[in-house]
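Those sequence lines, one after another, are chains A and B.
Mapping to the UniProt record's numbering: the first sequence position 183 is 183, numbers consecutive.
Mapping to the UniProt record's numbering: the second sequence position 213 is 213, numbers consecutive.
Hints may be right or wrong, so weigh each one.
What the hints assert, rightly or not - Label-pair distances were calculated between CB atoms; the ranges are:
#1 A:Thr200 with B:Arg208: 27 to 37 Å
#2 B:Asp189 with A:Asp96: 42 to 52 Å
#3 B:Asp153 with A:Ser23: 17 to 27 Å
#4 B:Pro152 with A:Ile88: 51 to 61 Å
#5 A:Ile88 with B:Ser52: 43 to 53 Å
#6 B:Glu169 with A:Phe42: 39 to 49 Å
#7 B:Glu191 with A:Pro174: 26 to 36 Å
#8 A:Gly129 with B:Glu28: 23 to 33 Å
#9 B:Ser52 with A:Glu191: 18 to 28 Å
#10 B:Ala239 with A:Thr200: 26 to 36 Å
#11 A:Thr214 with B:Ile88: 15 to 25 Å
#12 B:Arg208 with A:Asp91: 37 to 47 Å
#13 A:Glu18 with B:Lys150: 25 to 35 Å
To be verified - Away from chain B, derived, C-beta distances all over 12 Å, residues of chain A:
#14 Ala122
#15 Lys190
#16 Lys210
#17 Lys245
Hints in this document: simulated from the structure, not taken from any laboratory.
For each residue, glycine too, the CB sits at the ideal point set by N, CA and C.
2 protein chains.
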Amino acid sequence: MNEIIELLLNHRSIRKFEDKPLSKEQIEQIVRAAQAASTSSFVQAYSIIGISDPEKKRELAALAGNQAYVEHNGYFYVFCTDLNRHSIAADMAGKDLGESLDFMEKFMVAVIDAALAAQNAAIAAESMGLGICYIGGIRNEIEKVSDLLKLPDRVIPLFGMAVGYPAHESALKPRLPLEAVFHENEYEDKEEQLKEYDETISAYYNERTKGKRTDRWSEQITAMLTGKQREHMKDFVNAKGYAKK
Amino acid sequence: MNEIIELLLNHRSIRKFEDKPLSKEQIEQIVRAAQAASTSSFVQAYSIIGISDPEKKRELAALAGNQAYVEHNGYFYVFCTDLNRHSIAADMAGKDLGESLDFMEKFMVAVIDAALAAQNAAIAAESMGLGICYIGGIRNEIEKVSDLLKLPDRVIPLFGMAVGYPAHESALKPRLPLEAVFHENEYEDKEEQLKEYDETISAYYNERTKGKRTDRWSEQITAMLTGKQREHMKDFVNAKGYAKK
Numbered sequence: 001m002n003e004i005i006e007l008l009l010n011h012r013s014i015r016k017f018e019d020k021p022l023s024k025e026q027i028e029q030i031v032r033a034a035q036a037a038s039t040s041s042f043v044q045a046y047s048i049i050g051i052s053d054p055e056k057k058r059e060l061a062a063l064a065g066n067q068a069y070v071e072h073n074g075y076f077y078v079f080c081t082d083l084n085r086h087s088i089a090a091d092m093a094g095k096d097l098g099e100s101l102d103f104m105e106k107f108m109v110a111v112i113d114a115a116l117a118a119q120n121a122a123i124a125a126e127s128m129g130l131g132i133c134y135i136g137g138i139r140n141e142i143e144k145v146s147d148l149l150k151l152p153d154r155v156i157p158l159f160g161m162a163v164g165y166p167a168h169e170s171a172l173k174p175r176l177p178l179e180a181v182f183h184e185n186e187y188e189d190k191e192e193q194l195k196e197y198d199e200t201i202s203a204y205y206n207e208r209t210k211g212k213r214t215d216r217w218s219e220q221i222t223a224m225l226t227g228k229q230r231e232h233m234k235d236f237v238n239a240k241g242y243a244k245k
Numbered sequence: 001m002n003e004i005i006e007l008l009l010n011h012r013s014i015r016k017f018e019d020k021p022l023s024k025e026q027i028e029q030i031v032r033a034a035q036a037a038s039t040s041s042f043v044q045a046y047s048i049i050g051i052s053d054p055e056k057k058r059e060l061a062a063l064a065g066n067q068a069y070v071e072h073n074g075y076f077y078v079f080c081t082d083l084n085r086h087s088i089a090a091d092m093a094g095k096d097l098g099e100s101l102d103f104m105e106k107f108m109v110a111v112i113d114a115a116l117a118a119q120n121a122a123i124a125a126e127s128m129g130l131g132i133c134y135i136g137g138i139r140n141e142i143e144k145v146s147d148l149l150k151l152p153d154r155v156i157p158l159f160g161m162a163v164g165y166p167a168h169e170s171a172l173k174p175r176l177p178l179e180a181v182f183h184e185n186e187y188e189d190k191e192e193q194l195k196e197y198d199e200t201i202s203a204y205y206n207e208r209t210k211g212k213r214t215d216r217w218s219e220q221i222t223a224m225l226t227g228k229q230r231e232h233m234k235d236f237v238n239a240k241g242y243a244k245k
């Protein structure tokens with residue numbers, strides 16, 4: 001196994017950071033790495049908002065559900081879909097995009113582009129010895145976050161990323177077995193593998209909590225999925241000009 | 001700059017591969033790296049279909065617009081959103097998910113999860129000296145691809161990834177300037193940076209084609225965005241049980 005795969009396999013989310021800001025060079029190096037990811041037909045349909053203003057970080061932390069590590073970290077990025085740039089490009093080219101940006105396909109392209117860029121950013125940060133945590137919580141109050149960052153139409157804040165010098169060690173929680181997510185040639189029945197994973201996760205919690213928790217993955221994930229629905233998302237996405245057709 | 005960031009910055013899509021298959025160990029190592037990416041609340045909402053059957057690769061290549069490298073490569077993966085797994089998990093937990101999987105939020109979670117996993121796979125492959133190319137073309141005929149891979153409800157083929165030993169060198173096409181995608185504290189007007197980029201891209205083509213091509217990014221991207229609309233996407237996504245609410 002090479003050093004890079006070792007880094008990838010060793011990933012864990014970091015939720016407590018030292019009080020030590022990233023340097024401008026680090027901040028930009030991470031953005032450059034993000035930009036180097038693949039992008040659908042060279043469309044580069046994302047923007048990255050870097051939050052250096054402490055007051056803005058405080059507000060974001062409050063909107064994301066009062067997670068301290070949104071405010072206290074080495075730097076905070078917000079990854080956004082961005083097809084606004086392409087409206088401007090069309091104006092520059094003297095062309096009319098018509099309804100083309102309204103299609104679900106374009107929304108998917110922008111979400112995928114933003115996510116590929118973000119994962120490169122995460123790996124770049126970890127390669128420098130920094131820790132990261134994705135913050136989906138900014139979607140709890142996505143409209144307020146969007147207003148706070150003054151995002152125009154066709155720019156949606158997808159998730160944040162807290163980056164910094166790790167101030168705690170966190171355990172590697174076992175992922176689904178490879179056989180549960182990997183299918184050969186066609187989609188296969190994986191119920192057996194999910195049952196096996198339920199036992200793995202239950203044993204993991206049991207050991208870490210000395211018997212206080214023994215919940216299975218299927219229970220945990222069912223509770224999670226019926227929890228934070230963020231029912232406003234479709235209206236917000238459509239109002240921003242995405243996925244209308 | 002460390003070796004890992006160097007690898008990230010050096011990424012380019014590879015569209016011609018040697019006739020040399022990946023080993024089982026390589027195939028699985030890449031999947032394990034994909035699995036190690038962050039996942040929203042541990043939901044792991046994706047599946048990876050590995051295509052080893054040559055006939056299936058031929059069919060996929062035809063459906064993706066006759067790109068030879070979909071058929072001829074070291075291995076071919078299809079990355080899918082997967083919330084079907086979570087219906088099964090709910091049954092295992094004896095719980096009812098109600099309409100919770102119908103929400104746009106859950107679709108976004110699944111698309112992001114699949115994309116983060118895929119980018120880890122891409123980096124793992126490149127770290128082994130392999131090349132990769134994302135294949136959005138499988139969305140041209142997404143319903144037929146879905147049928148070919150026997151994907152159930154709530155499983156959508158997002159994109160393919162051709163992996164293999166590179167049989168050509170490809171140039172690094174300049175990305176948008178950092179200042180065009182990176183905003184500080186709030187969304188900023190980037191028209192100047194886009195104009196600058198137009199000149200960069202025009203000069204790039206001019207040099208590579210000895211003056212035969214001088215198109216600007218804004219022209220190129222406008223043509224692209226009004227081109228492959230894949231207008232069937234919203235109906236397909238909804239029919240698969242996603243983003244209905």
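Query raised in the report: Quick check: which numbered hints come out false for this structure?
Result: 1, 2, 3, 4, 6, 7, 12, 13, 14, 15 and 17
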